[in-house]
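These two chains come separately, so use the hints to put the complex back together.
Keeping their order, the protein sequence lines are chains A and L. Residue 1 is where the first sequence starts when you use the numbering used here, and the numbers rise one by one after that. Residue 279 is where the second sequence starts when you use the numbering used here, and the numbers rise one by one after that.
There could be a bad hint or two in this list.
Distance ranges between label pairs, derived from CB positions [said to hold, decoys possible]: (1) Gly217(A) with Trp323(L): 33 to 39 Å; (2) Leu82(A) with Leu314(L): 49 to 55 Å; (3) Gly142(A) with Trp323(L): 49 to 55 Å.
By construction, these hints were calculated from the structure, which means they are not laboratory data. Glycine is no exception: its CB is placed at the ideal position from the N, C-alpha and C atoms.
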Amino acid sequence: MATEISEEQSGGKGIWAALAILVVVNLILGVFFSSGHVSLHHAPIVQLPNFLAFLGVPGTWLPPHIFFTWVVMAILVGVAILGTRALKAVPGPVQNVVEVAIEAFCALLEQMIGKEGRQYLPLVGTAGLFILTSNLIANIPGFQAPTANWNTTVALAVTVFVSYNYFGIRKHGLVKYLKHFCGPMPLLAPIMFPIEFIGHLARPVSLSVRLFGNIFGEESVIAILLSLTWLVMPYLIWLGVMLPLSLFTAVVQTFVFIMLSMVYIAGAVEEGHGDEHH
Amino acid sequence: MPENDFSVWRQMARFSTIGISMVAATAIGLAIGYGLDQLLSTRPWLMLLFTLFGIAAGFLNLFREVGLIQRHRW
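Okay, chain L solo, but in the shape it has when bound (with noise of 0.2 Å):
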């Protein structure tokens, strides 16, 4: 199974990962709630609740990758 195959190194890539990715979510709701703001001219609002929507996916990024690397499915 997994664990015998240079284990740490590859339990530091697992953990690597997650901290970009919860950054990327964040960019990426921020960048959206932008985008619609300046389709709807609504600001800030449409901005501010994207951007919670990708704090909020950055964290169920976060939940589901941990899970993943403590089944031993990563």
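If we strip away everything but chain A, and leave its shape as in the complex, we get (with noise of 0.2 Å):
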């Protein structure tokens, strides 16, 4: 193998210096900020003060997951636009992103639901950028994760449920939709009705609580490790297991929502009865 990469060209300074400006800021927010005790609902270090309260939002403070999902909100939208800027045949830096991310979007749709998977694009490319982006803030020292809090879980799981309902309703008609409730024979179908209505109602439920879960106990288990007082251990801990282990779940969370949201599209919206009913 003639190619031989440089200490300088594969980027291996860079990794070890990004780590310890981790590692050195979250020694120095700890130290500062840290109120004694392990409190899962300890407020994070950045946030907002709460202007919102003549509305009736409660606290002192912005709550987390609102503040932070305007954060993730910033972001999204500022890479959209320096990325759809002034746009080129052959792409600049951040043009080349977001066309990446686009590309897989749409190769993951065709492939799930076919040839008009890519009118879905707006609904799966939207909640999986937000989700990525939700779960990887986390490891950001003073951020919150707000997918973390089961309310933004629950929002982005009810959007899927309805839209896929309604692509359902609005490619087959609104009896012909609920016929696919009923089952393969019509005789079977008082006792489907009820069967298929808990199994399609089951989808939000299990869709919100599982990347709730995941994120949340994350977040709950770096925040016990890192209270420990056991001079640099727990740091390496965090360093060498749970960072790793964070950013790899926060990945494979989104892929499995955006997955499931394509299947459940997917069959609401194939033709052909025989493909799913056994």
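Set out below in structure tokens:
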């Protein structure tokens, strides 16, 4: 193999420097801002004062999941604006990243739903990018993930639920869509309809609880781990075990959410009745 | 086709969603049964009936998801 990558080119030193900065910032914030006990509902360090109190929002600070949703929105809108500002045929760096993301989503959509999968890109792409950015933001010291709050994940899951039913009704008509719930034989319809109905209702519940549980659990474990005063051992364990696990879980949970959304959309929209029922 | 991109983790992700969907289906059946019982005061029969519906829905989701995985449609 004739490819020789020098130490500077492969970014080796850059990654170690970034990790060192992460540990130092975390240590400083932990020394100066810790309350001496572990409370999982501790206010994050980066937050805004509550200027929405006149609307009835409680507390002296904005709820962290709302504030960090705005942070994620700012990041996504910023990247989108930067990436589409001066579109060139040979793309610059930000435009390249945006194109790669869109290509990846379109490829998944066409693989799961078929040729007309492309029209569902706004829903699936927005949900996927929002969840990915929200999950990854939790690793920055002082930040909390908005998806670590069940409100955010229920909002996402209910949106997907209403959307896939709407797509199915829009494509097939209400009566024919409800007939999908009735099973292969009309004789079984009184038994199959409640079972299918309950099965469909289980989908937003499982989507929201799965995402919330994974991200909140990850954050809780890291909070408890870093609250131990064991010299630098908690930070070594965090760097070596919990940080890679947290990044991995962030990507996997995004993947599972959007793949399941596409499976539900495909099930609602597909032609040909005999594909799924046995 | 799907198998060439990080396929082991993808299989794990596919199978890991089945468990919680069975639990959620049973819980929803129980919740619907309990709610209807409060409305119609027919304890405990509607609650049991809808719990059975929920368990059946959980198994239906199980078969459907495993079938989709086996046919490489997930």
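Here's how the hints hold up against the structure:
As the Cβ distance of Gly217(A) to Trp323(L) is approximately 38 Å, the hint placing it in 33 to 39 Å holds. At roughly 53 Å, the beta-carbon separation of Leu82(A) and Leu314(L) lies within the given 49 to 55 Å, and the hint holds. At about 54 Å, the CB distance of Gly142(A) to Trp323(L) agrees with the hint of 49 to 55 Å.
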